[in-house]
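Chemist: Spelled out, the chains give:
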Amino acid sequence: MHVSPVREPLITGAKSYKDITNDVMAPVKAKPGKLWYIGITVSALLMVFGFIMIGYTVWFGIGTWGADRTIGWGWDITNFVWWVGIGHAGTFISAILLLFRQKWRTSINRAAEAMTIIAVMCAGLFPLIHMGRLPLGFYILPYPNSRDLWVNFNSPLLWDVFAITTYLLVSILFWYMGLIPDLGTIRDRMKTAWKKKTYNLLSFGWKGSARHWHRHESMSLILAGLAAPLVLSVHTIVSFDFATSVIPGWHTTIFPPYFVSGAVFSGFAMVLTLMIVTRKALNLEDYITVGHVESMNKIIIATGSIVGIAYITELFMAWYSGVEYERYAFMNRMMGPYAWAYWIMMTCNVISPQLLWIKKLRRSLTFTFILSIFINIGMWFERFVIVVTSLHRDYLPSSWSMYAPTWVEVAIFLGTLGLFFTLFFLFIRVFPVIALSEVKAVARSSAESFIEKPVKVKPSEEPHI
Amino acid sequence: MKSIVYGYFTDENDLLEAVKKLQDDGIRIEDVRTPFPVHGLDAILKLPRSGLPKVAFIAGLAGGVLALWFQIWVFTSAWPLVIGGKPYLSLPAFIPVTFEVTVLFAAFAMVIVFLVRSNLGPGSVPDILDEEVTDDHFQIILSEKHNKLSDTELVNALASTGALGVQNINTGK
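Heads up: the protein sequence lines correspond to chains A and B, in order. Each residue of the first sequence is one higher than the last, beginning at 2 in the working numbering. Each residue of the second sequence is one higher than the last, beginning at 11 in the working numbering.
Misleading hints may appear alongside valid ones.
[Claimed, not checked] Pairs of lysine-lysine residues, derived as BS3-like cross-links and limited to a Cα-Cα distance of at most 30 Å, are as follows:
#	chain 1	residue 1	chain 2	residue 2
1	B	K64	A	K104
2	B	K31	A	K19
3	B	K56	A	K104
4	B	K12	A	K104
5	B	K12	A	K19
6	B	K64	B	K12
7	A	K361	A	K19
[As the list claims (entries may be wrong)] Anything over 12 Å on all C-beta distances counts as not near chain A; from chain B, calculated:
#	residue
8	S13
9	E27
10	R59
11	T144
12	S160
13	N166
14	S170
15	Q177
[As the list claims (entries may be wrong)] Facing chain B, according to a computed beta carbon distance under 10 Å, are these residues of chain A, among others:
#	residue
16	S156
17	T166
18	S234
19	T348
20	N377
21	S438
Everything labelled a hint here was simulated from the structure, so no lab data went into it. The C-beta atom is built at its ideal place from N, Cα and C for all residues, glycine as well.
For reference, chain A alone in the conformation it holds in the complex:
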């Protein structure tokens, strides 16, 4: 197969198919190290603490939070949108990049998708708690009931229920169907009978038959085709929660594309945060290379720039619309009591990703790691700015208010971080972090050891186009 000599290999080092299997499976087979135990203990404790605080909220009521009648949505909805946003990278990588035939996707799609599923679970918790009466949560489902009422299909909040449920279920299907061949690989490498049995159960009895692969490929392609518009629909619908209201600062038509690009932006930042640590901790540097990080950084520049343009467009439209409430809302964002949050958002989301135009920074792991944390923080503040600053000064100055979270809200947020990392730690122990069969399938064309006669081209000899 002809491979352009200037294209850098996706898998470095002398790797045979067997090496790929062994390297990726090593963390599943080996006994976990001390760091893993420390990590999962800390996250699990945080998670338990968060769940206790959810119980506290349900028991004593939403009054334990800092929200009031003016600022009805506080940290809960901020966190909800933040988590859903993070949950956009995985399916973007595995569905949209599959349709665009981006081979570098194969090394990161598995972990990114696991991250997506966990993030969406964390996100889903917040609207449920926010409803206050958790045991009545099933009221949001359309089922025949004694009240003879159906749910309001005209409400974006209900669309959210459908969008997020569908997204979670389809993401799980897509992720798990991709996993079954790899679980078969683990089954055949396990020595203990009970482990073999368990992994056989999990792998659905996979045996690698050509007929199965043929159907599997056809299914993956159609699932990707279905998941691609689904990814875009989820954050679009989340943005409708805001955009269809009459609150100045929320009521804008730019919200759907702005939210979707923001979601992919924050999702990729979280993938980078996790993968830069994971590749080191699990010795997967040959599979998740600097080239992969650079590719992800390029998507960060693209989506980050769209987000930046969206912020400026919002400002322009507020002024150009001539609506005094709209103008005030944006002046208040920039110079009001929450201006600090606005400027943190602007710095982290608009200015910092532009540094990635410099190739040296784009390929630096340390810089990328720090930047990804900045973006995570910036994107959290974006949601805080949208939710809280738009609400805290509404049409009636007598009900203007200020908002600060109580320790209960902070604890619940930390609890979801705990849940996220607990499940991620479990994932890297039980399942292969890299899509084995997909990496093997692209190895022939993209692994250093398989490419015939790799020609080293000096920069000066690069062909000019």
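Take the given structure of chain A and dock chain B to it, following the hints.
Modeler: Relative to the frame of chain A, chain B by itself:
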């Protein structure tokens, strides 16, 4: 007595060559098992086009029609409700749910049909002949039952393609 004959390759290109050679000799190939989908193998084996896209289309259509019909029924017949002065039948508002249910039905139907058709699922016990198939072996399986040749002839045919570890086991069926 019916037996099956199998052997493996460690390179997918050798496998493709061997499959072609065996087919040219008029030998029917029972199954080929590989660690990953080998590009071009399905064409050589003349596997029929998968019906899964059709399943997805039909199920998606069913889901979409069901969701749209249900919302229209709720708002025009079951419990007409004026919401914000909007008409009972406000179609644009029904699009998001219709879309989501379409995707949900299509995805689930396709995965279920895939598992059932392939006889895969929790509790399915596979007939694994070589555990390395999920690692780096590309395996060809021939069956005496579906070929005119005897098992020793099949062993020779397979070995002549360069297959390694050629074995012959009697399944008794």
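Chemist: Grab the minimum C-beta distance from S234 (chain A) to chain B and call the hint holds if it beats 10 Å, violated otherwise.
Modeler: holds (6 Å)
Chemist: Regarding the assertion that T144 (chain B) does not contact chain A, is the least Cβ-Cβ distance greater than 12 Å?
Modeler: Not fine: 4 Å to the nearest Cβ puts T144 (chain B) too close to chain A.
Chemist: Please work out if K56 (chain B) and K104 (chain A) have their alpha carbons no farther apart than 30 Å.
Modeler: Since the Cα atoms of K56 (chain B) and K104 (chain A) sit roughly 27 Å apart, the hinted pair holds (cutoff 30 Å).
Chemist: Taking only the CA atoms, is the gap from K64 (chain B) to K12 (chain B) under or equal to 30 Å?
Modeler: Given pair K64 (chain B), K12 (chain B) is violated - Cα atoms ~37 Å apart, limit 30 Å.
Chemist: Is the straight-line distance between the alpha-carbon of K64 (chain B) and that of K104 (chain A) 30 Å or less?
Modeler: Judged against 30 Å, a Cα distance of about 27 Å means the pair holds.
Chemist: Over 12 Å from every CB of chain A: does S13 (chain B) meet that, or does the non-interface label fail?
Modeler: holds (19 Å)
Chemist: Find the nearest Cβ of chain A to the Cβ of S170 (chain B) and say whether that gap is larger than 12 Å.
Modeler: holds (21 Å)
Chemist: Below or equal to 30 Å on CA atoms is what counts here, so check K12 (chain B) against K104 (chain A).
Modeler: violated (44 Å)
Chemist: Would the hint linking K31 (chain B) and K19 (chain A) be met if the CA-CA limit is 30 Å?
Modeler: Cα-Cα ~27 Å, so holds.
Chemist: Under 10 Å, Cβ to Cβ, is where T166 (chain A) needs to be relative to chain B, so tell me if that hint holds or is violated.
Modeler: Hint holds; T166 (chain A) Cβ to chain B Cβ min 8 Å, cut 10 Å.
Chemist: Double-check T348 (chain A) for me: the hint is only fine if its C-beta lies closer than 10 Å to a C-beta in chain B.
Modeler: violated (34 Å)
Chemist: Run the distance test for K12 (chain B) versus K19 (chain A): straight-line Cα separation, threshold 30 Å.
Modeler: violated (33 Å)
Taken one by one, the earlier hints fail for this structure at numbers 4, 5, 6, 7, 10, 11, 19, 20, listed in ascending order.
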